[in-house]
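Please construct the entire structure, taking both the sequences and the accompanying hints into account.
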Amino acid sequence: MFNLHGKDVVSILDFNRELIEDVFNAAYIMEKYARGVGLNLLKGKIMATLFFEPSTRTRLSFESAMYRLGGSVIGFTSAEASSVAKGETLSDTIKTVENYCDCIVLRHPAEGAAKLAAELANVPVINAGSGAQEHPTQALLDIYTIKRELGRVDGLEIGIVGDLKYGRTVHSLVYALSLFNVNLSFVSPPGLRLRDEIEEDLRRKGIEFKYYEDIEKIIPNLDVIYVVRIQKERFPDPAEYLRVKGSYKITSSLISKAKSNCIILHPLPRVDEISLDVDSRPQAKYFIQTYYGLCMRMGLLSMILANKEDLKQLFYSSK
Amino acid sequence: MFNLHGKDVVSILDFNRELIEDVFNAAYIMEKYARGVGLNLLKGKIMATLFFEPSTRTRLSFESAMYRLGGSVIGFTSAEASSVAKGETLSDTIKTVENYCDCIVLRHPAEGAAKLAAELANVPVINAGSGAQEHPTQALLDIYTIKRELGRVDGLEIGIVGDLKYGRTVHSLVYALSLFNVNLSFVSPPGLRLRDEIEEDLRRKGIEFKYYEDIEKIIPNLDVIYVVRIQKERFPDPAEYLRVKGSYKITSSLISKAKSNCIILHPLPRVDEISLDVDSRPQAKYFIQTYYGLCMRMGLLSMILANKEDLKQLFYSSK
Amino acid sequence: MFNLHGKDVVSILDFNRELIEDVFNAAYIMEKYARGVGLNLLKGKIMATLFFEPSTRTRLSFESAMYRLGGSVIGFTSAEASSVAKGETLSDTIKTVENYCDCIVLRHPAEGAAKLAAELANVPVINAGSGAQEHPTQALLDIYTIKRELGRVDGLEIGIVGDLKYGRTVHSLVYALSLFNVNLSFVSPPGLRLRDEIEEDLRRKGIEFKYYEDIEKIIPNLDVIYVVRIQKERFPDPAEYLRVKGSYKITSSLISKAKSNCIILHPLPRVDEISLDVDSRPQAKYFIQTYYGLCMRMGLLSMILANKEDLKQLFYSSK
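Heads up: the protein sequence lines correspond to chains L, P and C, in order.
Just so we're on the same page, this note's numbering is the position in the first sequence counted from 1, plus 307.
Just so we're on the same page, this note's numbering is the position in the second sequence counted from 1, plus 307.
Just so we're on the same page, this note's numbering is the position in the third sequence counted from 1, plus 307.
I should point out that these hints are in silico values taken from the structure, not numbers from a laboratory.
Each hint should be verified, as a subset may be incorrect.
Identical copies go unnamed one by one, so any copy, or any two together, can satisfy a pair.
Stated by the list, open to error - With a cut-off of at most 27 Å between alpha-carbon atoms, the simulated DSS-like pairs for lysine-lysine come out as follows:
id: 1; residue 1: K552; residue 2: K393
id: 2; residue 1: K393; residue 2: K556
id: 3; residue 1: K339; residue 2: K393
id: 4; residue 1: K350; residue 2: K339
id: 5; residue 1: K350; residue 2: K615
id: 6; residue 1: K556; residue 2: K539
id: 7; residue 1: K524; residue 2: K402
id: 8; residue 1: K524; residue 2: K454
id: 9; residue 1: K314; residue 2: K454
id: 10; residue 1: K402; residue 2: K454
id: 11; residue 1: K422; residue 2: K393
id: 12; residue 1: K552; residue 2: K564
id: 13; residue 1: K350; residue 2: K619
id: 14; residue 1: K524; residue 2: K422
id: 15; residue 1: K472; residue 2: K393
Values in this document were obtained by computation on a predicted structure and should not be read as measured data.
Structure below.
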């Protein structure tokens, strides 16, 4: 329970299975405090949310997590409202803001921004999305949702549908899932398959995975259908985009071919990858997924920032 | 005092006179805590302020109210800083954010946005202005100001001056005033009179009202002069706008014809509907009106969110 | 210790040496509480940060200071998110917001904005930068950093390098330093020397100062090297700018000619006035300067807002 105390969370690659289970245990304890009551665990602590790109879910759930734990929040929601508008570098911003807070939650468009910030800062840095590759807390909340909704992660058939090449959340998720004993099905247009390095990593770890172009073939087998956006700007030919987009849309009639107890997840925001009539299906779990995200972030912040005695007491009293 | 517990505040039409008086009682109690000390009544509670349009008064007074009551605030101040920038619908934003908070305060340019949000969310939704028609908490604070400054609402002569057709605050205010025993004078250019449906509603309720084009005729009779902006963009002919605008401007010399104990209100922001030399007149109450707005919103939030036992204790101890 | 109780902080001209020392004493006490624990001194108090211009350091450090002291914060970070976008004047914004808070921290592009706000508001107003001339809390934190890092201010050789004419921080700093017994060296291109009125003021106070164009000549004598930006847009001829810029850049090789125990300060953000390799020099103090800024602002807010009894107790218990 103290393995993250004072630590950065930069990449899902820094997590092993044991640490992920620790975070899930913390998240589960936090479910008791995630609605309307809260804790004093982080009273007096300040989190800085430095968001150089817009975000609803990630920023608001980190902030809500901090408030539920009794802490405070400073920060900015776009580069324009900060000294970046006057030409300040990320390094200088970090070396300044670390003096005002107890941890930094950073979203930045550049690859490696969170890593750089973590190296520079004397306070813990949590990566809330940097560049196209890493979004570790999203992966943690995704898998926590699976565990909470299906009772386990090992042994599941998990399908990931959409843009597997450019989606920021996919990379972190696949790496995290590779620590579990799962079968992975990747459903995408041929041009949007996993990047080579991730594919190789999966092989090295002995994870079973297959590619599909047609979601209908595989959907009856899936326990988890994880949907990500296919972005128009990835296609040189707009007509090709329109053709492809339709085939990966999750509709109510498609879901009628799925297991009755499968779950549908999405990192959100969705545009139209999941049609609205799916929302009322019992398998639709992408909104409660945001709630689990709050609990997971409360757990994570507690493990990083809480006084060890207080944390121990909370954990034992919750057993 | 528990009639709003866990409830939405979408439209002033949902209020009857008794409920308005309840809110006023709560607001009055809050005057003791609205400056510099505060309460712990909403400790641990989180309010989300989702503002899709700019606002100073409404947003800051809701946030101040929440802090004075011991709670916390998350949110955004423009659509650009949220996932709306990535194409997310209002529904998806609401179904996400409800998981992070205990109530949602929403301002949105679309008619019916607050109603939709209230139907979707499991937490109470407070309408902080949606579309051109509804701004219920503004109406409540307007009438609370009248009550506090003049000691009563019934029996008063109330004049509403300016754009009665498009002003968001006018509609909610007129509906709310129709629950009291007042005489209404509407002063506007012919093209900016009340919408038909509101006029009919007033007739049905037996409320006395008259139209005037010339404010000088009626001003000596008024107890309350409520001024709203006339917006340039409502006039096809800019020359017509300039001509009309001048006639509805409240000046110090105009006020010298008014009752010495009348009060001048304005929802603010003003542009130049009230000249600056009116500010020092004793009748000018549009700034203290913002203070009453804070107290009223503290009362409202308490009624909606506070633990019933705590609320009861506060109310009884304040008698 | 009570000399700022309920007072505005508009201009450094309102400070005498005794008051500055009081603020430094308060800042020093706050160093104990500036990291991770905090105080309840301002519990229930609300600070409004009204930033009409972007800022990282000033806004975030004021907000952090308020949270470390147990208070809350409302506000906006750009004019666009407020009613200014609808044409509201600064006066009306101030006369509104004062009803929602216990003090206002204002940054505004207009000269005299803070003075105007202070005259209007019934709550204390702190100038966080107005127009090109005044930024009093920056000057206080600059000198506090000198005192903390060098143990004293009197008797030091202080060089100010860069744009002395337009830099907002320079004016407040020079006035504040004139209350101490220092020798000042001003290093700038001829066209960017101090404004006449400041120069005269220094003479009147009997402060020793000299102008230099070449930093190499004076650097071996300096105890403090205070660097400010030279902005391109001040030069009619871009070629002249490029020529001049290079001569005022602080590099590691330049610093090797300086005293080993001198300190380099900068109000930040820097663009490239100090090269990155200087950051690792022991003389580089511009990041810890931001930390001292937090402590100084905590001290200042306490002196202005805290209950006198609580403040007295804190001060005596800290002796």
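Here is how each hint holds up against the structure:
For the identical chains of this complex, K552 and K393 are inter-copy neighbours only, at 17 Å across copies versus 40 Å inside a copy, given an alpha-carbon limit of 27 Å. With identical chains, the CA atoms of K393 and K556 are at most 27 Å apart between copies only, with a shortest distance of 18 Å across copies and 43 Å within one. In the homo-oligomer, the alpha carbons of K339 and K393 never lie at most 27 Å apart, since the shortest distance is 44 Å inside one protomer and 32 Å across protomers. Taking CA atoms no more than 27 Å apart as the test, K350 paired with K339 passes in both settings, with 18 Å inside one copy and 16 Å between copies.
For a Cα distance limit of 27 Å, the shortest separation of K350 from K615 qualifies both inside one copy, at 14 Å, and across copies, at 24 Å. Taking the shortest alpha-carbon separations for K556 and K539, only the intra-copy value of 14 Å comes in at or below 27 Å, while the best inter-copy value is 46 Å. In this assembly of identical chains, K524 and K402 lie within 27 Å of each other by CA distance neither inside one copy nor across copies; the values are 52 Å within and 31 Å between. Proximity of K524 and K454 under a CA criterion of 27 Å is satisfied intra-copy only: 25 Å inside one chain copy versus 69 Å between copies.
When the C-alpha separation of K314 and K454 is checked against a cutoff of 27 Å, the pair qualifies only within one copy, where the shortest distance is 25 Å, while the shortest distance between copies is 33 Å. Taking identical chains as interchangeable, the C-alpha atoms of K402 and K454 lie at most 27 Å apart only when they sit on different chains, with a minimum of 22 Å there against 38 Å within one chain. Both within a single protomer and between protomers do K422 and K393 lie at most 27 Å apart by alpha-carbon distance, with minima of 23 Å and 26 Å respectively. Taking identical chains as interchangeable, the C-alpha atoms of K552 and K564 lie at most 27 Å apart only when both belong to the same chain, with a minimum of 19 Å there against 64 Å between chains.
When the C-alpha separation of K350 and K619 is checked against a cutoff of 27 Å, the pair qualifies both within a copy, at 16 Å, and between copies, at 24 Å. Taking identical chains as interchangeable, the C-alpha atoms of K524 and K422 are never at most 27 Å apart, the minima being 40 Å within one chain and 41 Å between chains. Within a single copy, K472 and K393 get their C-alpha atoms only as close as 34 Å, which misses the 27 Å cut-off; across copies the closest is 19 Å, which meets it.
Comparing the model with each earlier hint shows violations of hints 3, 7, 14; every other hint is respected.
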